[in-house]
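S.K.: Protein chains in written order, with the working numbering: chain X, 127 to 453; chain Y, 360 to 656.
Hints were generated in silico from the structure; no laboratory data involved. Note that beta-carbon positions come from the ideal geometry of N, C-alpha and C, so glycine has one too. Take these hints with a grain of salt, some might be off.
Taking lysine to any residue and the SDA-like style, the derived pairs with C-alpha atoms no more than 20 Å apart in a straight line are [said to hold, decoys possible]: (1) LYS509(Y) with TYR320(X); (2) LYS159(X) with LYS558(Y); (3) LYS159(X) with LYS532(Y); (4) LYS547(Y) with TYR320(X); (5) LYS159(X) with LEU540(Y); (6) LYS509(Y) with VAL311(X); (7) LYS509(Y) with PHE346(X); (8) LYS547(Y) with SER353(X); (9) LYS159(X) with GLY551(Y); (10) LYS509(Y) with ALA433(X); (11) LYS230(X) with MET471(Y); (12) LYS547(Y) with THR521(Y); (13) LYS159(X) with ASP492(Y); (14) LYS532(Y) with TYR320(X); (15) LYS230(X) with ASP498(Y); (16) LYS230(X) with GLY551(Y); (17) LYS558(Y) with GLY324(X).
What follows is a set of in silico ranges between Cβ atoms, one per label pair, in the way DEER data are often shown [what the hints assert, rightly or not]: (18) LEU444(X) with SER424(Y): 41 to 49 Å; (19) PRO441(X) with GLY415(Y): 36 to 44 Å; (20) GLY238(X) with GLY469(Y): 32 to 40 Å; (21) VAL305(X) with PHE602(Y): 22 to 30 Å.
If we take Cβ atoms under 8 Å as the criterion, some of the chain Y residues that face chain X in the derived model are [unchecked claim]: (22) THR411; (23) ASN439; (24) GLY440; (25) TYR474; (26) ARG478; (27) ARG483; (28) GLN515; (29) ALA516; (30) TRP518; (31) TRP519; (32) LEU553; (33) LEU557.
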Amino acid sequence: MEQLLYTAEVVVNGLMAGVMYSLVALGFVLIFKASGVFNYAQGVLALFAALTLVGIQQGQVPFAHLINAITGSHLEHFGWTVPSLLAILLTAGVMILLALAIEKLVLQHLVGQAPIILFMATIGLAYFLEGLGDIMWGANVKSLDVGIPQGISETAEAWTAQLTGYGFFIDRLDIWATVIAALLVAALVAFSQYTKQGRAMRAVADDPQAALSVGISLRFIWIMVWSIAGFVALVAGIMWGTKSGVQFSLSLIALKALPVLMLGGFTSIPGAIVGGLIIGVGEKLFEYSIGPMVGGATENWFAYVLALLFLVFRPQGLFGEKIIERV
Amino acid sequence: MTMQDSHSLAPGRHSARTTTPGPVDQGADVQPYVTADGRRIGGVLMDLRNITLRFGGVEAIKNISFDIREGEIRAIIGPNGAGKSSMLNVISGFYVPQEGEVWFKGFRRGPMRPYQVARLGIARTFQNIALFDGMTVLDNIMTGRLTMMKSNMLQQALWWGTAEREEIAHREKVEKIIDFLEIQNIRKTPVGRLPYGLKKRVELARALAAEPGLLLLDEPMAGMNVEEKEDMSRFILDVNDEFGTTIALIEHDMGVVMDLSDRVVVMDYGRKIGDGTPDEVRNNQAVIDAYLGVAHD
Numbered sequence: 127m128e129q130l131l132y133t134a135e136v137v138v139n140g141l142m143a144g145v146m147y148s149l150v151a152l153g154f155v156l157i158f159k160a161s162g163v164f165n166y167a168q169g170v171l172a173l174f175a176a177l178t179l180v181g182i183q184q185g186q187v188p189f190a191h192l193i194n195a196i197t198g199s200h201l202e203h204f205g206w207t208v209p210s211l212l213a214i215l216l217t218a219g220v221m222i223l224l225a226l227a228i229e230k231l232v233l234q235h236l237v238g239q240a241p242i243i244l245f246m247a248t249i250g251l252a253y254f255l256e257g258l259g260d261i262m263w264g265a266n267v268k269s270l271d272v273g274i275p276q277g278i279s280e281t282a283e284a285w286t287a288q289l290t291g292y293g294f295f296i297d298r299l300d301i302w303a304t305v306i307a308a309l310l311v312a313a314l315v316a317f318s319q320y321t322k323q324g325r326a327m328r329a330v331a332d333d334p335q336a337a338l339s340v341g342i343s344l345r346f347i348w349i350m351v352w353s354i355a356g357f358v359a360l361v362a363g364i365m366w367g368t369k370s371g372v373q374f375s376l377s378l379i380a381l382k383a384l385p386v387l388m389l390g391g392f393t394s395i396p397g398a399i400v401g402g403l404i405i406g407v408g409e410k411l412f413e414y415s416i417g418p419m420v421g422g423a424t425e426n427w428f429a430y431v432l433a434l435l436f437l438v439f440r441p442q443g444l445f446g447e448k449i450i451e452r453v
Numbered sequence: 360m361t362m363q364d365s366h367s368l369a370p371g372r373h374s375a376r377t378t379t380p381g382p383v384d385q386g387a388d389v390q391p392y393v394t395a396d397g398r399r400i401g402g403v404l405m406d407l408r409n410i411t412l413r414f415g416g417v418e419a420i421k422n423i424s425f426d427i428r429e430g431e432i433r434a435i436i437g438p439n440g441a442g443k444s445s446m447l448n449v450i451s452g453f454y455v456p457q458e459g460e461v462w463f464k465g466f467r468r469g470p471m472r473p474y475q476v477a478r479l480g481i482a483r484t485f486q487n488i489a490l491f492d493g494m495t496v497l498d499n500i501m502t503g504r505l506t507m508m509k510s511n512m513l514q515q516a517l518w519w520g521t522a523e524r525e526e527i528a529h530r531e532k533v534e535k536i537i538d539f540l541e542i543q544n545i546r547k548t549p550v551g552r553l554p555y556g557l558k559k560r561v562e563l564a565r566a567l568a569a570e571p572g573l574l575l576l577d578e579p580m581a582g583m584n585v586e587e588k589e590d591m592s593r594f595i596l597d598v599n600d601e602f603g604t605t606i607a608l609i610e611h612d613m614g615v616v617m618d619l620s621d622r623v624v625v626m627d628y629g630r631k632i633g634d635g636t637p638d639e640v641r642n643n644q645a646v647i648d649a650y651l652g653v654a655h656d
């Protein structure tokens with residue numbers, strides 16, 4: 127019985143860790159679905175969003191180092207702090223501006239190019255954004271606090287204790303992440319199924335030429351999709367930034383999204399969620415059951431092995447479209 | 360292929376369709392007239408003047424001028440590689456010609472992107488069918504009305520306020536078109552699963568959903584069997600008849616075209632070699648040569 131409850135606790139925690147992976151994977155799926163581009167910069171986009179959020183919140187002067195180096199001044203802070211909600215809205219605004227700039231400066235010039243070319247462009251974009259984030263807000267590790275509570279949830283512990291006699295350890299941040307992810311997915315689904323812009327987005331994803339012929343502007347859709355991906359990156363950045371601080375390694379969460387995508391399929395929003403959950407649970411269970419036998423730290427590689435197995439047996443993922451090449 | 364074998368596809372009523380020829384000359388004053396089967400042909404809707412289109416060193420269209428009049432069915436025909444599709448792509452904005460002017464509804468059109476042309480009320484279909492395979496027939500046709508929707512994103516997402524009324528109004532229009540084209544029974548079928556002939560019909564439905572002022576059909580009957588061709592011919596005539604939609608279509612099957620259209624432009628090697636009523640074109644020596652493959656000097 128005790129064993130079973132432990133396992134249940136591991137599963138619950140795995141599910142919640144999985145939600146965090148799904149948040150990152152969602153951004154990839156959105157852009158891949160709408161434009162067939164694998165956006166290598168998605169992780170850096172999350173880092174950049176988190177950096178900008180902290181910067182705005184704490185009233186940092188953007189490009190302070192650069193300005194100081196050129197003019198010999200000693201600027202650092204404006205001397206004010208911005209309330210969290212306003213800071214989030216402002217950051218969302220910055221992400222939209224970024225989407226506009228990316229479309230104008232990069233994508234517009236690559237219309238009609240092969241996906242691999244666009245993929246290369248997003249690699250360049252990733253390095254550029256990384257540098258831009260450093261120059262704008264500084265390279266030091268920052269802590270992010272937008273008021274999301276952290277630490278053990280006593281309510282959940284008391285509730286599970288009452289129910290089963292054993293109090294589960296559940297992080298409050300994880301509970302919040304789950305709720306926010308659910309809201310985000312509901313909003314994305316409502317958007318893509320019912321709004322005119324969402325339908326236009328699906329149309330472009332399906333056949334760009336046909337979309338043009340019914341009066342849909344590809345540029346508008348691209349800007350919109352990158353803005354939404356930027357917003358999703360912001361949400362992922364907030365959750366991961368709150369959890370482990372805002373620093374360069376935040377951009378590496380993209381690597382954790384890759385196995386999620388291989389499991390769920392690159393073109394499916396539900397796939398990104400389910401893929402994330404499976405990886406989250408799988409990796410926690412594996413660590414719990416097999417980990418002690420092999421010396422632990424299996425979480426570092428378990429997801430990739432699982433993804434490799436999928437690549438061999440079901441390359442389109444669980445929910446992806448089957449790849450059929452006609453000859 | 361000869362000129363004579365081309366009548367086989369004509370559904371019965373087409374014989375009544377021989378039109379009183381209107382003024383055809385460019386620049387001449389055009390007078391509205393009524394065709395023998397009672398359709399009203401109005402003034403010039405689209406006027407193409409001295410269009411030249413090049414791809415690198417290749418001239419796909421060489422200094423071509425012709426017009427399309429309100430309410431008529433205008434065909435562009437010619438052998439493969441004559442530049443017909445290029446011409447259609449110029450009209451729909453997918454290609455921008457290097458020289459020449461495109462006039463629509465009395466205004467000269469600047470260089471425009473295809474989606475802007477679509478919003479002017481010029482809808483089109485494609486030779487190789489461009490449908491949204493992942494969507495149902497109904498959703499595909501609804502996309503034809505996307506740009507007409509006025510309620511905002513939030514209202515639509517929450518199905519609130521004007522969004523509901525608007526959606527219903529658009530749905531009604533779309534249902535009418537679905538009835539008209541006799542595709543009620545496949546409304547909810549994903550387009551990817553449909554046979555070729557039906558796909559073509561769904562594409563026509565989507566173009567019609569935009570209530571276009573000018574409808575462009577790129578080889579609407581290519582790859583169809585005889586029965587499907589007859590159906591499509593009937594639908595094209597009915598659309599023109601009931602909605603008064605001006606139609607410009609491309610075909611290389613001359614028979615179909617001669618029975619359908621009021622006036623015909625004939626292209627060969629990027630040049631215009633004939634322009635007039637089906638009868639005039641049929642008796643034009645240059646056209647006969649082009650179709651029979653007489654060697655050019």
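S.K.: Taking the closest Cβ pair, is GLN515(Y) under 8 Å from chain X?
M.R.: 4 Å, holds
S.K.: State, for the Cβ atoms of PRO441(X) and GLY415(Y), whether the hinted interval 36 to 44 Å holds or is violated.
M.R.: With Cβ atoms ~39 Å apart, the hint holds.
S.K.: Quick one, are LYS509(Y) and ALA433(X) close enough, alpha carbons at most 20 Å?
M.R.: The hint is violated at about 44 Å.
S.K.: Quickly compare the C-alpha distance for LYS547(Y) and SER353(X) to 20 Å and report which way the hint goes.
M.R.: 32 Å, violated
S.K.: Would the hint linking LYS159(X) and ASP492(Y) be met if the CA-CA limit is 20 Å?
M.R.: With a Cα-Cα distance of about 14 Å, the restraint between LYS159(X) and ASP492(Y) holds, given a limit of 20 Å.
S.K.: Does the nearest C-beta of chain X fall within a distance shorter than 8 Å of the C-beta of TRP519(Y)?
M.R.: For TRP519(Y), the interface hint is violated, since the closest Cβ of chain X sits about 10 Å away, which is over 8 Å.
S.K.: At a threshold of 8 Å, is the proposed contact between ALA516(Y) and chain X supported by beta-carbon distances?
M.R.: 4 Å, holds
S.K.: Under the criterion of a CB-CB separation shorter than 8 Å, is ARG478(Y) in contact with chain X as hinted?
M.R.: 5 Å, holds
S.K.: Could you grab the alpha-carbon distance between LYS509(Y) and TYR320(X) and see if it respects the 20 Å cut-off?
M.R.: Cα-Cα ~13 Å, so holds.
S.K.: Need the status of pair LYS159(X), GLY551(Y): alpha-carbon distance at most 20 Å?
M.R.: 18 Å, holds
S.K.: Check the hint pairing LYS159(X) with LEU540(Y) against an upper bound of 20 Å on the C-alpha distance.
M.R.: Between LYS159(X) and LEU540(Y) the Cα gap is close to 32 Å, so the pair fails against 20 Å, i.e. violated.
S.K.: Please test the hint of 22 to 30 Å on the beta carbon pair from VAL305(X) and PHE602(Y).
M.R.: Cβ of VAL305(X) to Cβ of PHE602(Y): about 51 Å, so the range 22 to 30 Å is violated.
Checked against the numbered hints above, the structure breaks hints 2, 3, 5, 6, 8, 10, 12, 15, 16, 17, 18, 20, 21, 22, 23, 24, 31, 32 and 33 and satisfies the rest.
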